[in-house]
Each structure stands twice: as structure tokens, then as C-alpha cells.
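Participant: Fit chains B, C and D to the supplied structure of chain A, relying on the hints for placement.
The primary structure of each chain is shown beneath.
4 protein chains.
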Amino acid sequence: MIVILKNDADAQKVDILAQWLETQNVEIHKSVGEYTTVWGLVGDTSKIDTDLIEGLEIVEGVRRISEPYKQANRKFHPDDTVIDLGNSIKIGGGNFQFFAGPCSVESEEQIIEIAKAVKAAGANILRGGAFKPRTSPYAFQGMRADGLKLLLQAKKITGMPIVSEIMDASHIDLFEGVDIIQVGARNMQNFELLKQLGKLDKPIFLKRGLSATVEELLMSAEYIMSGGNEKVILCERGIRTFETATRNTLDLSAVAILKEKTHLPVVVDPSHASGIARLVEPLSYASAACGADGLMIEVHNNPQKALCDGPQALTPDKFARVTQGVQKIINALK
Amino acid sequence: MIVILKNDADAQKVDILAQWLETQNVEIHKSVGEYTTVWGLVGDTSKIDTDLIEGLEIVEGVRRISEPYKQANRKFHPDDTVIDLGNSIKIGGGNFQFFAGPCSVESEEQIIEIAKAVKAAGANILRGGAFKPRTSPYAFQGMRADGLKLLLQAKKITGMPIVSEIMDASHIDLFEGVDIIQVGARNMQNFELLKQLGKLDKPIFLKRGLSATVEELLMSAEYIMSGGNEKVILCERGIRTFETATRNTLDLSAVAILKEKTHLPVVVDPSHASGIARLVEPLSYASAACGADGLMIEVHNNPQKALCDGPQALTPDKFARVTQGVQKIINALK
Amino acid sequence: MIVILKNDADAQKVDILAQWLETQNVEIHKSVGEYTTVWGLVGDTSKIDTDLIEGLEIVEGVRRISEPYKQANRKFHPDDTVIDLGNSIKIGGGNFQFFAGPCSVESEEQIIEIAKAVKAAGANILRGGAFKPRTSPYAFQGMRADGLKLLLQAKKITGMPIVSEIMDASHIDLFEGVDIIQVGARNMQNFELLKQLGKLDKPIFLKRGLSATVEELLMSAEYIMSGGNEKVILCERGIRTFETATRNTLDLSAVAILKEKTHLPVVVDPSHASGIARLVEPLSYASAACGADGLMIEVHNNPQKALCDGPQALTPDKFARVTQGVQKIINALK
Amino acid sequence: MIVILKNDADAQKVDILAQWLETQNVEIHKSVGEYTTVWGLVGDTSKIDTDLIEGLEIVEGVRRISEPYKQANRKFHPDDTVIDLGNSIKIGGGNFQFFAGPCSVESEEQIIEIAKAVKAAGANILRGGAFKPRTSPYAFQGMRADGLKLLLQAKKITGMPIVSEIMDASHIDLFEGVDIIQVGARNMQNFELLKQLGKLDKPIFLKRGLSATVEELLMSAEYIMSGGNEKVILCERGIRTFETATRNTLDLSAVAILKEKTHLPVVVDPSHASGIARLVEPLSYASAACGADGLMIEVHNNPQKALCDGPQALTPDKFARVTQGVQKIINALK
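Chains as they are written, first to last, in our numbering: chain A, 1 to 334; chain B, 1 to 334; chain C, 1 to 334; chain D, 1 to 334.
With the rest of the complex left out, here is chain A (with noise of 0.2 angstroms):
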């Protein structure tokens, strides 16, 4: 961490500040200039609150050189983290996976017809939601606690895991047979909902907030990790920008990004990132040939019909058709 000092600053304040800092286990290296003082914070900083310091009179910036996050970090833990789901399903680490399903679960006949659709065509992880973050209050809300049902049924019928999203830490124990808890990009910073997962043994889908920056979404897993649960998988879904062709922006230096930093694997969602069924095989295609672990995709028997996000469902037959797109990249970058 660097400390840098205003021209004018008072002494006595300085002397007040470098003892503390010595009192936090931090050496200090002076380096004086005419015009600025640095100092370079050597130890561990990462408990040392830049707020704090930034708002000292005497101070005019601080500048973090190493990451504030330990646990989610590829430099203290080099080898790819690989969450094994059983049944030879692996995720991470060289293995790719698709997760596949519709935006909500609205039948028993819908998701289980669904379920078999995407697993034919090469999906080996079934989403669906049940509880339904929407903006509207007066839209659809999802079937909650009986749309989790239905998707345990689909589960026991293909024997595919199933991955869906909580909205609140109370929901925990309906998620009990759920293989994968999602964490929506509204709730990414849910902090107390983040701390509940942490204490659970049971992988979760972390999805980008719609304007967070990568470090804080690896300040979220942080979250969950320094809670104990170390099984977190990433997922990059659009960010909110000014251009309104595709619904957010999806951000795909991101992946690149954060195969370097962190050892978690790294999932894109190009159905939400763009809103446009018609851009989702392109954006798969891209989102595999940059890195990415795996892809999200919505998938429904009928798009015309889905109670929500409709507009960026693909049917079975346009997803077995990415699936065949996507290996084809892969084994090209073998």
C-alpha cells in the first residue's frame, strides 16, 4: 500500500499516523520528494482500511498494490480450484460445462421435458429459477418453494444437477437437495446473504452485479470463502453501459481477467448478458474461445410462451447446435 503525504502536512499528525501504522504490523519505507512524500506500506495491509487513511487532513491518496482479496487470489493458491459435482461432473480446471434450462420453472411437464431436452443436446447441469428477482412487483415471481420441487423431480428423473438462484438467507433449507445456490447479479452484494452461503458445504454460482467491478465481485467470494466455503464459481452475465443495442454489455476481457487472478472457475452468461436469443450462439462461441469454464443458457420448449426474460430463451435444437459450436472451439484450442 502507498501513502501518499500532502506537501503541507502537519508533523505531528505525521507522527501520530506512522505510529499507528507500525501498531497494524506494517513497515514503513519513506521515500521525500520536493514536492510529496511516499510512503510504501510493506507487511500485511489487507486489513488496513484505505478509507480510513484517504480521509486523514495530512493525506492526499492511498494507492492498494496488492489485491485485498486473499483467499479468491491465484497468487496464494496457483492451481485451479475444480468443484466436483459427482457422476464425473467437474467443474474448473481444463473441465466445460453447460447449464442449461428455462428462466422459471412454470410446470412439472415444462421443466422435465425441458430437462431432457438440454441434457440430449449436451447440457450436463439443469438451471431453472424458482424464486424470481423482477423489477416489477406486478410481474411473475416464480413458483418459489414449489418451482424447487419440480426441479428436484427433474433432477430425479435425468439425474442432472440442478443449480437455482436464492433471494433471501431465510430460503436456505428449501435449497437442501439443490446441487448449485445461485446468487443473482442484484444480490452480489447481499452482504448478510453472502456470509449464510459461506457457512454452507454446497458450490455457489456467484453472478456479476451489473455494475461491479471484478475485484468486488472477487470481494464477494471473498465473502463466502473467508466463511469457510471455498466452492465458488464465477459467473460473468453483462454489465450496465450506456449502449442500448444488447440489454447490458457483456465483458468478456473479464473472463480473461480473472482466469489470471483467481484460481475459481469462471462461467459467462451470454442469455442475459445480451437479451437477444439470436446473439446467444456467437457469444457462446467467444465466451469459449477466451476461457471461460462453462456457459449458462436459457433454454426453453417453448420461447414463445415463457413466463419471463423470453426474448434470450433458445430452443433445444438452437442450443444442441452451440453445444456442437463450442466443442469444436474447444478441441481447436486443445
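Hints are supplied without guarantee of correctness; some may be wrong.
[To be verified] As a list, the in silico DSBU-like pairs of lysine-lysine whose alpha-carbon atoms are at most 30 angstroms apart: (1) C:K261 / B:K75; (2) A:K318 / B:K6; (3) D:K47 / A:K30; (4) A:K13 / B:K318; (5) B:K318 / D:K195; (6) D:K70 / A:K30; (7) D:K199 / B:K261; (8) D:K6 / A:K30; (9) C:K195 / D:K116; (10) D:K30 / C:K195; (11) D:K30 / A:K261; (12) D:K149 / C:K195; (13) D:K334 / B:K328; (14) D:K13 / C:K116; (15) C:K30 / B:K70; (16) A:K199 / A:K75; (17) C:K328 / A:K334; (18) A:K6 / D:K75; (19) C:K199 / D:K195; (20) A:K328 / C:K318; (21) D:K318 / B:K75; (22) D:K75 / A:K13; (23) B:K149 / A:K199; (24) C:K318 / D:K75; (25) A:K47 / D:K30.
[Unchecked claim] For each label pair, taking beta carbons as the anchor points, the in silico distance ranges come out as: (26) D:L152 / B:A120: 50 to 60 angstroms; (27) C:G61 / B:N302: 29 to 39 angstroms; (28) A:V32 / C:K202: 26 to 36 angstroms.
Rather than coming from a laboratory, the hints here were simulated on the basis of the structure. Note that CB positions come from ideal geometry on N, CA and C, so glycine has one too.
Facilitator: For chains B, C and D alone, coordinates are given in the frame of chain A:
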């Protein structure tokens, strides 16, 4: 609502859509051009899911004409909502209020001292964080329930109503004596929390999300209001943009737009928006000048030692200067 | 174009608008609802100024249905534009090209050495900056006219066509021997320059502005094309967002959208988008996978000494690795 | 400037960098930690290219401490720049000015009528567009040279100094009688134009680019000033964000920050920022309240017929109301 059909839309599918829309109690006004057919849907379209229709193969696009929020909409509720906290402290309807206090409650001595100081300087409502949303799991997370107790003590001693942030629906009971419950920017779309708050009879201070549009902020207010709780105070606290000179970009156009679109009170938080104490004064004046109903300002008796968010807190002296300046502006514009 | 009239619009003013619109050769289809009246304008509305109409007191809003660009629009020109540079070097229509070379031309030796190296590694078109747009007036501004001369020499020796950036219309004559003129992101809306380039018979490489929408990029292409020059190559090079982990955010959804909306070739510049050489390889693969018609990549024989934009340049060896990887992806997806 | 070296940096390369830096007349203060080595560069680092150093293999990152602008920097020029247009019309240094007039000059009658009206309503400087930057090549492009002639006539009749936008360096001669030359947002980084304007002895009104940072705006001012022309007026006119309720997001924090960082006058254009005439009044008040040195406001005698940008123009009556309100705020804050 406007539905734009594709050039080459299949006639049978178009019929199915028309029939379905009629079951939703909307009338269709058709306008057929050489290249495009446009339908104007007339009636209550607030429950029609634009995404659903946009997803249809035959549809080129859908545009809402009327706003999707109703209870928060000034069109249906022209008079300003006024929230009465008792003791002649009213928010909205031409009453300007200062919400002031520390970022975090740290000790009995601290909160009581600040409470007295901000009251003397012109604040009517005491703010103080007990539950603190922090990006890092390693940062100070607030005194939590104990912090609320200290706030209640400060309320007892000074007679000031208090506002504090909630982070999880399971904590609602702890907020019994708290006069206004704050929903932070990161929880603006924590819909489960909003639903629970909608069942209370207590004012909710709803902060705009870091990348939330004005319409989304109003939809989150609608979540609370549709549950029966009409006492919502909106707060603009800066949005996330590419600019790095300030922590966030305070969006005062949003204040002016909100005053048009909704009857709810609109408060500005210049402390969090800029993250720089020196900017609080000019931005407070700007907020008052453009029609805000109040200001939430961080004040600390010793900003140099604040446990969090130090850089943005004012001393009581500087805060007093701000309240006086704001008062002059309000008087000048009367 | 849709015009939404206000509820309480003055009938006389509405009549005046209707009459005026008819003089513009558009037909009005009226749809009168309880709360809103909507007009669908049918005919050639591309010359009607939406801002003008939106400004009228009686109008609530205006929405375009058809795109405001015509010559760049795939609807009116379904086949891909193919730009032929001779020697079987074609851009667009299924031909994939690599534009490679240094950020800046620095010396005869440097540009010729790199030209040979990138040719050997698979590039067909040599890029090199002579006029350099730099944020700081104190930074190296390029070799300017002398740089162009060196590029022409490199062209002579290697036989490669060249592309270089223009910064002012008064320099056009200097670009006589240059095969493709580049318009940089900062000049994407330098309309006077675009108009002058529209008079040439030479391909224009048009980079997307840092905060330009896809539609604005196409409108800038339209400026060039409406002047008579239909040889426009579009380039996605990253947009400005809140994310700071990369210099800009590469928007590959834009590539997929552009391939739908326009017949013009679309090239991606991953070097400038990310500003990080290590990310060029994965982002190049992603670009090829999602349908780009080419890549512009910075290559330097000695990145450690480049006078500008060093961090994003590859060595020829690494560039060769990229061209091979891209080729594999293109073959896989055929 | 701070240079952070990589953990495993090659010692020989580190030596080469150290030697090179010394040739640049900067001194290196080294701070060696367990995991990182940090160099503080002391001396005039404004000519050192951070990109160049960041690109080196041995370097983890580079951070500037001192600002890269000098002539625009308040540190080296503490007193406000005051631009004197004669007739006691001064900009900056506590003088507040209104720049008002139509978006476009349309006819002699129009510009003279508006000039008289805005003068009567309190404006001191007449604005009017002759060269118009329009997104679409099919939109009205302004009266160009003829428009400037009409402005000069209005100047003669009313005695008001005039400001108008330049779009290309080749037009400079046409602006001889124009008192202030405006550089539009889209040309803020048209560096060739800035260089030419730096050679003039005439005030330049420099608008912030749609996605330009405060620092970039100051660097563009530095381009003009480093050429010898120190008369630069900065203008905040809204930035591009995800919000769609207003055309752009007016960034008033930037005004407060600019007043700290630079001695140049800062004017706000609320008309273009919001694109909505109704918001001009509250945003004008906010601008004055937070310390702006002036306002540029679009006024039209017949907003319903304006050839461009109608929605954002005020009538002279409403403009008079704004000048009076602003005056009250300025008086209140004195």
C-alpha cells in the same frame, strides 16, 4: 404500449398474439405501413410483460408509453407525499430536512456527542450506521444490534428521530424503535427485503442503486408501496460512471426528474456520492437549489479517527456552515 | 416513426403538426386511446428530425422504428460488402484479415523489420501510426508526414497494403499512397473530416468512439457513404465503462449486432480495447469466434522500447501464435 | 510518480530502467518490501510516459501522484483566470455570466430578435450555432459561414460579444470577428484543432467530451494553453451514463472538482446536458449554487419551430426567470 411487428410476420402467429392481448383486457389500435405494422395497446398495460412480447418471433420491438409504476406515480397522486415524524418534523411537501450523523455508530460517547452536535447545527434527524455493508469481509462490519441500541439511547437523550440501515429482512424486529429504516444502494433491488418492508407502518429511506435508473428506483419504491407501506423517501446518492475524480457521480438531474414523476420526497446524500468531504458543501447547495427535500450528510466529531468512510465526513462546524448556506438558498428561492 | 401526443394536447396545434407532417410526405396512422393518442408515421421518415418533434409542447415522445441509416443498412443491401485491396486481399464477405504493426512508426529500420515479421507471422495488412492522438500535449505526437513516408517504404519492400490514422482533413493529400485511411475513436464524430473522406475512392477504417453507440457508429459510416465512398470498415475497439481492470471494455456483442445490422466488414482491435498485451490472445480468439471479419493487433519488435502504447503490443512470436489460433477457430466453425 | 516492480523482476532489466529514468532527470527513491519493490520518482515527471513504463515486463503498475497538466493547474497558478471581453464583461474570478441564444442561427430576423430578447433578460454573451455537429448526415448542418455573418450582425446591433462553435481548423479565418470560439464535446480531443486554437489570441470555450474524465478535459485545455493561448473556459455539459431519463447526466461534482484543480473559469450547459427544457431551471440553480462561473443556455423565440435541439430550448420569458433565480442564489451565497 406500442408493439412493432416484423415485416414478414406470420399471419397466424399475429392472430394468436392479437387474441391473447384481448384476453388481457387491452384494445389494439392497428397502424399498417408499407414496411411495418404498429399496434397501439390501449387499456391497463402495467401487468403485461414487455419482455414476453419482445421475445416473440413476429415482434420487432415493444415500447412502453405509460410508466410501469402506479402508486409512486405523480400522475395518479398529484400532491406531494408528506411524511410526519411527529414533533413538527415533516419530510416532503416543501419541508426541508437534514439527516446527519456518523457513518458508523462506534460508542455511546461518540453517538451522543455527535447527536447533540448535529442537532445544535441544524439537523432534525439523526443517522448512524449499525449494520454496515462493506465491500471487504475484513473491514469493520458495524456494531450491529448493539449499534442500534446506542442510537436509541441518543434518540432518548436528544429527542431526535433516527434512521439506520437494514441489511436483511430477518433483522426487522431489531428496528422497532428506529423511526426510519434505510435500504442501502446495494439492496435497492433486494426484492425479498422490499416486500417485507412493504408490510410495515414505518417510513423507508430507499437509496438509489449504483447503476439503477430512475425508473428502477421508482419500481423498487413500488415494491414497498404495493405491499401497503406508502411512506417511502427516495435518496439520490451518486451513480457509477467512468469518472474517477469522485467516488460516484451525483446525478442531480435525477432529483429534478423525480420531483416531476413522483410525489414521494427526494433526499440527496452528497457525502457518499462524492466520497470527498470538501465537495459536500457545494453539492449540498446544488441539491437544495434544484429542489431536493432534504440532505443526508455524514458528520463526525473526529473524522480523522472514523472507523469507516472517513474521507466524506464533515466536522460539526462545517456541517453548521452547510445548514446555514442551504437555508439561505431555500429562502432566496421562496 | 411513432409520435405519442400528450393527453391534453391543444387540438389546433395537433392539426398544425399533422399538416406539416403531410408536407414531409409521410402518412399518419392515428390510434386514439383513453389516455394517449399515438401516431404511426409511414413513409420515408429518415429526414424528419425526431428532436424537432419531441420538442413540441403537444408531444410526449417520439420513437424511431426504422433505423436512421440507409446506405449502411443491411435491410437495403443484404449482401456483405467486400473490399478488395488487390493481390487477393479482401476484407469482408467471409475473408478474415490481420492488420498488424506497431503503434507508432519510429524509424525506417523499425517499421521494415516489423513489416517483414508480421507478414511472416500471417498478417496481410500493415498498420502503423504516423499521426498520433495523445491525451497529453507533452507526449510523443508521432513522426507525422515522415512516418507516412516510412510506411510507404515498408509497403514497397514487403508488398503489404498499409493503413494509418488521419487526424485532420487538411492532411488528406499526404495519404495518397496509403491503402486504407483510419479514423480514430476520438474522431469518429469529427463530421467535417468524415465528409471529406466521403469524397475519396479509398477504404476508410472507422473506429468506434469511446462512448459511441452502435447506431452512432453506423451514422458516422453513413456520413462517409452518403458522400459517395462506400468502402467503410468498422472497428470495435472497446468502450468506456466503470470497470478499471482493463483500459476499456471490449464489446463483442456489438460485433454480433453489427453483423446483423450492416453489410460492412467489422474488425476488432483487442490491443487498444484492453491495453494489456496478455489479453490480446484470448480476446482475439473470442473476436474470431463471434464473427469478426478481421483483427487489428499491435506488434512490436521490442515492446520494451516502444515510444507509445507499449503495454498492449505483442512480439512477432506471440502474434504468430495468435494468427494460428485464430485460423484454427475459423476452420472449426466453417 | 510511483513505479511498482514485479516480484520476480529480472535484475538486469531493473538496472536498465533505473539508468534510463536518471537520464530523464528524475530521482528514484526505492522502497523494497518482501513481496514488492516500489520506486518513488521525484522531479518533473510530466514528460514521462506512464504507458511506456507500464508496458515493461518488469513493471506491475505505475501511478501518477502529480497531475499531468501544468498550465491549467491551480497548484502553479493559484489565482483565478479572468477573461475580459471588454465592456466590463468578465468571465471567472467571481464574475457570473450568462451565455444565451439559439441552438442554430436560422435567419437574420431570428438571431437579432433572440439577441435582443436574451440581452433584455440578463444575458451578456450571445451564443448561436453556425456549424452544427449532427449525428445524422441527413439532419440540418447549420448555416455555416452565412450563420457566422448573421451572428456578427446581431453583435453589431446589440453590442453583445458572441460565441460560436468551430468544427474544423480550416474554418478559423471565418471566426475572425467572433469573440469566443467554442469547441464542442465531440471535438474535445480533436488535437489538431486544439493545437491551431492554441496559436490564437482569443478565448476558447472548451466543452467536456461525452465520456471525458475531468483530467482529460484539463489535458485538452493544456493542449490549447501549451500553444500559448491561456484564455480557456471549461464547460461541463453532461456525460454519458446508463441513465436514459435525461439525454446525458449533468456532472456537477465535476464543477466543484474543477474549481479546486484549475484556475480556469467553469461554465455549465444544462440545456444540452438534460435535453429537456423543463430541467434547465432547477439545474441552472444547482450549477450556480455549486460554484459555476456561468451558464450557457439555449433560448429560442419559438421553440416549437427550432430547426434543431428544440426540446431543450427555453423561451425568453422562462430564461428571464432563470437569470433572476440564479442572481438570488448568488446573492444569498455571497
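Participant: Please write out, lowest number first, the hints stated earlier that are contradicted by the structure.
Facilitator: Hints 1, 5, 7, 9, 10, 24, 27, 28 are the ones this structure does not satisfy, whereas the remaining hints hold.
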